[in-house]
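Dock chain E against the given chain H, drawing on the hints supplied.
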Amino acid sequence: MKTKRFSAALFLVMITLLVSACGAKEYKPEAINEEVDKCVICNMAVKDDPYATQIITTDGQSLKFDDIGCMNEWKIKNGEETVGAEFVRDHNSGDWIKYEKAFYAYDAAYVTPMAYGVIAFEDKTSAQAYIDEQGMGQLLSYEELANHKWEVNRDMMNMEAMEMHNESMHSDDSEQEMDMGNGSEGENS
Amino acid sequence: MRVIQKLMYAFILLAISTLIGVGIVKAEGTPSPLQVLINEAHVGDTLHIPAGTYKGPIVIDKPLQLVAESGAGATISNTSNEPALQIKANNVSIIGLTILDETIKKQPAILVQANDVLLDDLQIRTGSFGIIMRKANNGKVLNTTIDWAGVVQDRPLKLSDKGNGIDLYDSHGNYFAGNTISSMHDGIYMENSDRNLIEDNQFELLRYGVHCMYTKGTVIRNNIGNLNITGAMIMAVRDVEVSGNQFTKQSENVNSQGILLFDAHHTIISGNHVEGNRVGLYVEQSTKNKIVDNAVIGNFIGIQLLDAEDNDIQENQFVGNVASAEARNSIGNLLESNYWDSFQGIDTDGDGKSETTYAINPFFQSLVKARPAFQLFFQSPGMVFLEDLYQSDRQSWSTDTSPLMQPSGKLKFVLPTQTLQNSAVVGAGLLIVALYFMYLGVRKR
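One line per chain: the protein sequences are H and E, in this order. Numbering follows our numbering, in which position 69 of the first sequence is assigned residue number 69; successive positions increment by one, without gaps. Going from the second sequence to our numbering is simple: count from 1 and add 189.
FYI, nobody ran anything at the bench for these hints, they're computed from the structure. All C-beta atoms, glycine included, are put in the ideal place defined by N, C-alpha and C. Certain hints may be false.
[What the hints assert, rightly or not] Reference listing, derived: stretches of chain H covered by chain E, where coverage requires no fewer than 3 residues with Cβ under 8 Å from a Cβ of chain E:
#1 27-36
#2 40-48
#3 147-154
Same shape as in the complex, but just chain H (with noise of 0.2 Å):
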């Protein structure tokens, strides 16, 4: 008798779990593989560091980059209908977290994997203790993020009509184009 009621228990128990877990979906982070992780968007091979994101699609897929604008770069291109989640790597700790929950640091000059400039923190103050130890940079929000404009460091559209611009002038003075180009992203940010 004791038992019959026991397996009566646990049978609910089980139907409950199942039910709740079909209910609820949850999607989790996959871990990165360097031997055979490529970003989805520039072709790269993603590296198992902070810069590393990903997005888990509503039917499963894990999409990985290798930057946080190439996942910027496939929402443009591919709509956000079919995204489930978006993760990226607190850069400190390597920890995913949701896009949505992070803090952003951005400067033109952050050296990132495809030159984004964007790094991802799991709270405010350790974002902004990056800013303060790089001397340079500004804090986003998520929803700031939204906004931002994803130029890269080296916009090479622009650099081609500087270039015709600057035709005249010898070759010699390219490295002083590119500080003026670097410095004056800098000033915008």
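Coordinates of chain E only, in the frame set by chain H:
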């Protein structure tokens, strides 16, 4: 008496100052004898370094020439977290030295922050980066060997532990020739760096042999790459020349390719030999490039075009690839006069070119874009059958309008065909054994 007192005071003062002086030197650590030599040298001097091991880190902050005495092994050995050798002054030359810098760290073996620096005939063994160049223009790195020597304790080595062989940022007009770079992260990495010339180098067992990010006017000529994940990774560039290079066996990684173009525009890819790679030429989101006169031999996929538009692809030879070409969403490309050995054309007017066209089926690439795991079915009979059935929107496929009937010129094969001979021997052996067993079975009855 007074004089004696004064003398005494002076003596005491002298003694104290010497003591303090010694103390300061001790605090800094005894400077390497080589550093002392450098500090004492005059601008423009040439220092001949006798054989022996010299302790790093070494800093050079004036124009000097350091030459290892001929036949001698002069080595800078560094165990600090600083660069083994840091060059801060223009017109410095380093010739014939060996740099041993096996500590895993952020700083490179050699850090160059000046113009017109010559690094010639060096042997670099590093646990970080080989050479980092920052705002270093018109320099030369010649005949130098860069090798990975770092050891990670307690865990397997990760790709991200390694640094690049030569790493450029904001460094223009440099010349790299005759170097051998192996087992590092990327061979030569260039970011925001223009007009660098990379010639006659060897790249082996790296992630990417040559890696361009946001560069203009780079020239990559006559290099040899073997067993890297990718031979040349040409990303976000304008006006790059990739010519006469040979990339073989970039096939050991699931994402391998001989030459990859991504976001590359107005570049020239000519006269290259890509053999035995996963993908020979991989072209994505790239426009107005000229891909001509390349030999694409024995790869799994010869050429792969993804969202690539308005490129000229002419006079290439595609021989012995499992699939000659794959393309998806690539329009406006001019494909002409290529030789595809998998294509059987009809030449009615005898001009050596087929009157029927070679159209590249986008089915497989579209499928694996949606489901990457379906790459498992690459060239499986069912997949080939489905591919043949798929014909929709054929006029927008990438199409060679006049494929060649015969390969032009003589084809050369770089990779040895020995494996084939071996497999023939093994096959024959197996056959003999099988026949023997059959004979035994028959005899028993």
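Verification of the hints:
Against chain E, the region 27-36 of chain H contributes 3 residues with a C-beta closer than 8 Å to a partner C-beta. That satisfies the three-residue criterion, and the hint holds. Counting residues of the region 40-48 of chain H whose beta carbon lies closer than 8 Å to any beta carbon of chain E gives 6, which reaches the threshold of three, so the coverage claim holds. Counting residues of the region 147-154 of chain H whose CB falls under 8 Å from any CB of chain E gives 3; the rule of at least 3 is met.
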